[in-house]
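Take the given structure of chain S and dock chain H to it, following the hints.
Residue numbers (the UniProt record's numbering), protein chains in the order written: chain S, 1 to 424; chain H, 1 to 422.
Each hint should be verified, as a subset may be incorrect.
[Said to hold, decoys possible] With a straight-line cut-off of 30 Å between C-alpha atoms, the simulated DSS-like cross-links for lysine-lysine are:
| # | chain 1 | residue 1 | chain 2 | residue 2 |
| --- | --- | --- | --- | --- |
| 1 | H | 115 | S | 280 |
| 2 | S | 316 | H | 122 |
| 3 | S | 306 | H | 114 |
| 4 | H | 111 | H | 193 |
| 5 | S | 306 | H | 115 |
| 6 | S | 413 | S | 355 |
Hint data in this document are derived by calculation from the structure and do not stem from the laboratory. Note that the structure is predicted; figures quoted are calculated from it, not measured.
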Amino acid sequence: MVWGSGIAADRAGFRGTAVRAGPVWARRGPDCRVSPDLGGRVLGAGAETPPLASSRPLPLGGSPKTRPSACAAPARGIPGDSDWVPVLQMTGSNEFKLNQPPEDGISSVKFSPNTSQFLLVSSWDTSVRLYDVPANSMRLKYQHTGAVLDCAFYDPTHAWSGGLDHQLKMHDLNTDQENLVGTHDAPIRCVEYCPEVNVMVTGSWDQTVKLWDPRTPCNAGTFSQPEKVYTLSVSGDRLIVGTAGRRVLVWDLRNMGYVQQRRESSLKYQTRCIRAFPNKQGYVLSSIEGRVAVEYLDPSPEVQKKKYAFKCHRLKENNIEQIYPVNAISFHNIHNTFATGGSDGFVNIWDPFNKKRLCQFHRYPTSIASLAFSNDGTTLAIASSYMYEMDDTEHPEDGIFIRQVTDAETKPKVCTFQLSCEGA
Amino acid sequence: MAICQFFLQGRCRFGDRCWNEHPGARGAGGGRQQPQQQLSGNNRRGWNTTSQRYSNVIQPSSFSKSAPWGGSRDQEKPSFGSFDSGASTNRNEGFGLPENPFASLSPEEQKDEKKLLEGIVKDMEVWESSGQWIFSVYSPVKKKPNISGFTDISPEELRLEYHNFLTSNNLQSYVNSVQRLINQWRNRVNELKSLNISTKVALCLTYCFFIYGPNCSKFIYLLNQAAPAFGFGSSQAATFVSPGFPVNNSSNDNAQNFSFKTNSGFATASSGSPAVLGSSPAFGAAASVSSAISTSAPAFGFGKPEITSAASFSFKSPADSSFGSPGFSGLTTSLATGPISAPVAPAFGGGSSVAGSGSPGSHSHTAFSKPSNDTFGNSSISTSFSAPSSIIATDNVLFTPRDKLTVQELEQFQSKKFTLGK
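This is chain S alone, in the form it adopts within the complex:
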């Protein structure tokens, strides 16, 4: 299948993730040294990494050019033998785990805006990585000086990221050039792009939202929020900001002089994530209490009456309900359905119009930190990463799972009964 062109540095003992189909092992060849430089290149492999700007889609089957010749061996190895490294880890019939994941928690995953080939991943190990998904390889990595909390694509060749080092960086993915765009006074929590207004938006714990012009790039304004910004989402030309203290503010990006709408969250606890509907009708808000609310932007009472909330990501153990925060939400662009990921390790896909759950995948090894649908809605990236909700205990490895999703899983159903599909 796909030969990873990067070799995982050290996987001493392949600690089990929920692997249904075993990994494909490859023997490390003599001239295929494990490279300490995880720059997406394999030393001695002679493989060429195609330039990023090319939209040549690498078919899932992989093309022979990218295969490091000496390293490949489709033989099944004996796990535990240190010469054998996993090249492709299938965790389901339509799902696999990315190689060379970040070494610490994953904070955010984002697909490229026009293709499902490239995935940007930001992590607590201070790196931002770009993955070639079909090839299952890491193409590029750049560093911050502190953990990176969010990343976003401006266009397919530029990545923006910000984090605990308070710095907002823009990185040209083709030329590998980095650019420090600006700073906040406190860690940057969210980075998003608004295509309609062509502006990058960042939200930070210093209680401000800043806009940035990506062309120059420079700061285009600072707007203070009533509280620390925990999450934000762009909907058309509007910006929805979720802050501490359960507040939600809707701003008009073209006219930031005043807040367009000021609301309190309709959930009773801390807001965890907000994402706007692709059809710009509203947004979905999740809290730490295993609850998700679907709200509408139109302030008129008839529309406001339609909003609702529901419980999810709760498990009953010994008759006591364990409540998990819902950390991640991602919308399917075409169907307007959304996936939620919680700290219970489950990913659910919901149909907001019929108010039903469409699908629940198998349980992932640990909490879901972030979710991203690709632009065309065919692929879902699931970042399963321990979020230290407990303490620094032993936890399963962090990983990014790439799953091909089908219409059955993401499309709203017309018929009355619903299928509940378990991820294979």
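Quick look at chain H alone, frame taken from chain S:
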């Protein structure tokens, strides 16, 4: 107009036709009075009728626990519970407390009250037992501001703190800080679960505000009642529409309350006089009375590693006690002198002002005064005014919308009025 003395005694035989003013009856909601005034029942009922005018927007009880979304095969309509948004039924509500020293209100009102409180208790129980993230604000009525005593800390912030302490090799203090926060949380949860009178009153007052609007004359009446005790002019009280939560003043035993069972012996908020006050933000104080708690954003920092007292939680101390209401100075003296019979309401009226001063040294923590009257008369209050030095900001941390600016508060204040819009 003169205030009708007979009405105050509950025996005005002219009723609405009376030429004198019936405070509270005109445009007032169900009256709530100072607890020590045991008015006769019929009088209260008279007030209650006027509450019929009020259509409230929010039902505290409307957020029933919704059935979870599930893979239900049947196609019932909202297969999961719906939180009704603002458009709830109109119900007349006054506020009543189940067993309360206050005016006994109509059964409906009491039921609502009860539901609100029961809802809170249940939520607290679930919160404790479910392993839910602790560091979160909480509001019993959705769309309304949060209850005091809880701070919002996101998991990433906590992990950042962890990292910071890790690098400074001071993990133990990190652990201590977290423990302290957890204890605070637990205390607060227990308080809410136990629901003593003061808690109830404060809660009801807060949410009553939202139901009735900022001009709820019930409040104004109440404050007017309270005013004399405080030496406020009634006009001042009228503007002083910011019922904060009653202050828990510095009595030592109260301090214990906060520092609570520190099983681990952390330095808890026992420093100084933990007069904590929370005022619900929406109670935007009129500009003249900036009761809202100071401000400064509680940079939730874990403060310096050498944590000795709660103050080190680096909740910024209120550099400005945005407090400068003229009435307050009067308040201190009268507080110190006047015997305050009503443990709660006056506390309520005055409390917010005191509280605003940035409760000395307390965690922004529960601000419920214990029904111990002596605390009020405590002259330490005046001291607390003067020396906000090592004070922890009362709390913005507690109260969601931290309105630093009075203008902003006012805006909020007004916006609430608007939404409740008769």
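So, going through the hints one by one against the coordinates:
no. : hint          : verdict
1   : H/115 x S/280 : violated (36 Å)
2   : S/316 x H/122 : holds (17 Å)
3   : S/306 x H/114 : holds (28 Å)
4   : H/111 x H/193 : holds (18 Å)
5   : S/306 x H/115 : holds (24 Å)
6   : S/413 x S/355 : holds (11 Å)
Comparing the model with each numbered hint stated earlier shows that hint 1 is the single one that does not hold.
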